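**Q** The task is simple: from the sequences and hints, build the whole structure.
Listed below are the residues making up each chain.
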Amino acid sequence: MIRYLLAVIILFSSHTVRGRTGDSWVPRLEPLGAEGVQGPGDGYRFHIPPDLPDDYLRSLALELDGIDVTAMVRREGEFALFIPTQPLAWGEHRFRIIQYGVDGSINELGNWLVEIRRSKRFREISGIADITITTYLRLAKNLTGSPGPNGVAQGGANLKGHVADGRWQIDGHADLLYDTLKRATGSHRSVEIGEYLLSGRIENDMGTANLDIGHHEQDYDSLIMQGFNRRGISAKITFDDLHARVSAFAKRSDAITGSPDFLGVSQQDRRVDGLIVEARPLAGHPGALYLSAGYVAGRGQSGGTGTGLFAEHGEGDAWTGIADSLLFGEQVRLRGEYAISRFDFDGRGGLPRETAHAWHLLASYSPAARPGRPYNWTLGVENRRVGTFFHSLANPTLPVDRDMYRIFGNIQWQTLSAQGYAARETDNVDDDPAFATILARIYGLDLSYVPQVPREESGHVANWLGEQEYTLQLNSTRKSEEDRSGMVVADTTDNLTRLVSLSASFTHLLWSLGLSYSYSDFQDMSNRVADTRSHSASLNAIMRLFGERLLLTPTAQYQTTLDTDNHVRLNNTILGLSSEVIVIPQRLSGALQVTMNRSLQTDDTVDSRIWILGANLSWTIIPARINQPGFDLGLSGSLQNADDRVPSGLSTDDYQFFLSLTMTAPLAY
Amino acid sequence: MLQDRHPTGTILILWLLLLLPTAGQTTMIASSGNAVNRNLAVDNTASVRVDWQVSSSIGNPGPVAISSSLGTLTTPDGSTLLRNPVPLQQKTVTNTSPQLVTFQFSELITIPRSLLFRARKQGFAELRYSRTFTDFPDNTTTTATATLYLAGAAAGQLNIARVELRFDDGSRVRIASQGDAVRAQAYLNFSGTGQLDAVWEVARPESSHGKAFFTPLRSLRQYLSASGNIVLQSPLLPTDTTGNYRVRLRIISPRTPFSVPELEYRIQPTPATATPRSTALLSVTEPPAGATLTAATVFRWQAVPGASAYQLELYEQPLMDRTASDTGTPVGAARRPLTGLVVPAGDHARLSRLARSHLTPGGIYHWRVIAIGADGRVLAISDSRPLHIP
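One line per chain: the protein sequences are A and B, in this order.
With my numbering applied, the first sequence has no gaps in its numbers, which climb one by one up to 704 at the end.
With my numbering applied, the second sequence has no gaps in its numbers, which climb one by one up to 407 at the end.
No false leads were slipped in.
Here are the simulated EDC-like pairs of lysine to aspartate or glutamate, each with C-alpha atoms no more than 16 angstroms apart in a straight line:
no.	chain 1	residue 1	chain 2	residue 2
1	B	138	A	379
2	B	138	A	465
3	A	195	A	159
4	A	217	B	279
5	B	228	A	689
6	B	138	A	381
7	A	271	A	308
8	A	271	A	254
9	B	228	A	688
10	B	138	A	466
11	B	138	A	389
Among the chain A residues that face chain B by a calculated CB cut under 10 angstroms, a handful are:
no.	residue
12	75
13	166
14	465
Just some of the chain B residues that point at chain A, by a computed CB distance under 7 angstroms:
no.	residue
15	224
16	283
17	309
It should be emphasised that the hints constitute simulated quantities derived from the structure, not laboratory data.
Remember, it's a predicted structure, so these values are computed and weren't measured experimentally.
Cβ atoms here follow ideal geometry from the backbone N, Cα and C, with glycine treated the same way.
**A** As structure tokens, then:
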């Protein structure tokens, strides 16, 4: 193995060095990129004078971005040549050449900053469009209900673009949908945009500015905002010296796709605006203290695409303040948050805005990892209280009317992990005398074990069970009334739910198997609701056969629920087999799926069986390549036999067969 | 039991019945209403099933009918909160007389959160839902009332107030490639306690562009109790065939006041422009997690077929476990290792003095190995292990 070196565009070169022979030698990088632009895979070389002694060469080493790549340098005549083992990322990279001293010292002979560019105009520019359009013609059918038209065309395009130079960059992506039925597009147009995002970023010595337009989530986890992924506009400025960030946004209150309200900010009655200020004021220890304040205000409802709810328009605002700190070598975390919302639940009805409060307090301890210690653990306590009428349009999934105290812990012992918790939760946090206060005592334990298994040189697992994972989940929730005044007229709450769940998975290169079982029960001590016990068992497997040309995926699930008060049992079975076969690689492939769903209740109120069969065959006429469209011809069919003896008494046999032609056009720049 | 939800149809049927010459004589003698779940949590829109029972004494043989055109939700002082114009109607023909016939009706009513909020703010702790039933042919009437109670979030039986479906990347419309790992997630808001009976279903391309045949993927029977929200993850969705798929979580019980939401995803052929989405696991054998680095420390791994080089990487911060989306860290990418070493194909390496010079005594670093093919692609990545520097 030769130890020599090289590199590229010399932005900075350092010392003149003298070899052990006393001759002076200045290493010079020579770029091998074309037209003065160095690409990701281009090589680097530098000249080695013929009289440079081998001992001297063997004392040198080459480093790229901190990685010692000396072993990958090879001698080609009077040059030492290095070709990156992986394509280098766009942007700047640092090469360094050093000499090992006989006294153990490391002496730098030179270092160079090189820039990988796409062109002289832009450091990076790329665009991708993956376009597919399929035309279906129904050849035969026997369908109950509305069968729809016999000819349908559907398609989609995945568009991505990126451009960057200097200290700025712009990224964009969009999904385009095409559907002559206009169902997939969700509008009255056959061609429609789905979700999209255009992101711009610019840096200077003070910090960074970001602008996002389209579907994106606000990165602010709090009581007033969580997972708020909506279409809209947001801007963010980060001040590096101040360790501070200011974000502002305007977004739709509900989830939308399609071209209407393209920016997501044009409809005032469905819009949420917000401002977030964050800072880490302790410059020397940025993790020691994080402070933030957030404010959101808006009108609308939180439904939209993919959401089912009884939509009511409301309006209001909410603000929050957060302090978070990691202390004692980041072993102790203390977090506190306080939030207030003012929300008008009947929109512009007669009632005023309702003010509600919420807070979250957390303390946890995770001792620092120590060498040789095979385990790490965390212990924590928290209190979360959310008022009965707390509501923020940017956090519609937050459970309200809860006051929860929880102690939790987790431990990771090599490949065994365990999480446990015990919680005490009450409702009626506003102490309404007309409501009983329900106390829930919750206990849970989750265990996961992934045994380490040896591997053969081929990469196969040297164990007939393969890679394994085992999990166990236990949960118990007891609900009872903690307080009930004389004004309470509601029915009593007194129940217990319990869950035990087990799973195991086994994975080999050519097959995998997953097994799971769960038991749960419900006991109603108030005797208003029937007690029940449920068992569920499932199996799923993947098998790759005949040189991976046949893929079989069988699944099975059985569930039974017993109403112990009325002695009624509901059984449900799902059996499925999915297969994919490659008849001629790259040319002819097929798939077949069979599913059976059987439901039976012993009181004769449910008795149904559904068979569904689907199959398709695809022949690639012209394979698609980059910037060259391809065409596939397909034949597909589906059959459904539904025998719903009880309750509807209907039995149907539906089938439909289609011929399809698919055009695929992967375009790239 | 027959329920006619169309007012025009109800009127026509009643007129036809009126035209029949041998109509029976009826006298309603009793009626009652009962809400299956009487506790209404005020933190969410509530869905309540109300069962009605109306008994009539039939005087003459012939057709008889009982109907109600309107349900009314009121406060105890009689103020109307909600009018429900869904008609209930049943008919029967009796052959004998006198006879006592009992008619049973069941309906699901939805009470918006704003009404529950308003009622509570007006000081009420209970509501009344009433219907007036009229018989045919005598047009006598009787009124039945079901009483409902306002309560806190944890009281009462399970009520699903909101279901939001997303794909696991947060999107609501997705275009993915054949073989991609795609899952859907359902975010449920609920109050009360009870068993959720639901099933994940998907309509494959063989039917989604015609009449959709929804295939069950996984059935769920799960007790929901504390906390008020839950995220349910679907099994891996099929992505083997190109075309449009529709996925939904069909909720069988409890009944919801809204239609089941659906998401649509499209599978396209794996594009020639795509980069590999996942890499194999590279198995490392030495040194063990938490070992102390010395000049003699040898890093060993299982060789990967096709690998032309291996890169040993050391990071200052713990790495996330290798995931399917992790395609390795190219040299110079945003998340760069602090230091490391590249060696040609083999199964072991020692850290060079140059690489060790970047490490601080007393520090803890995290190392992993990636296997690189001759074309520069990352073939396999190991999980990371901590390493102590003396």
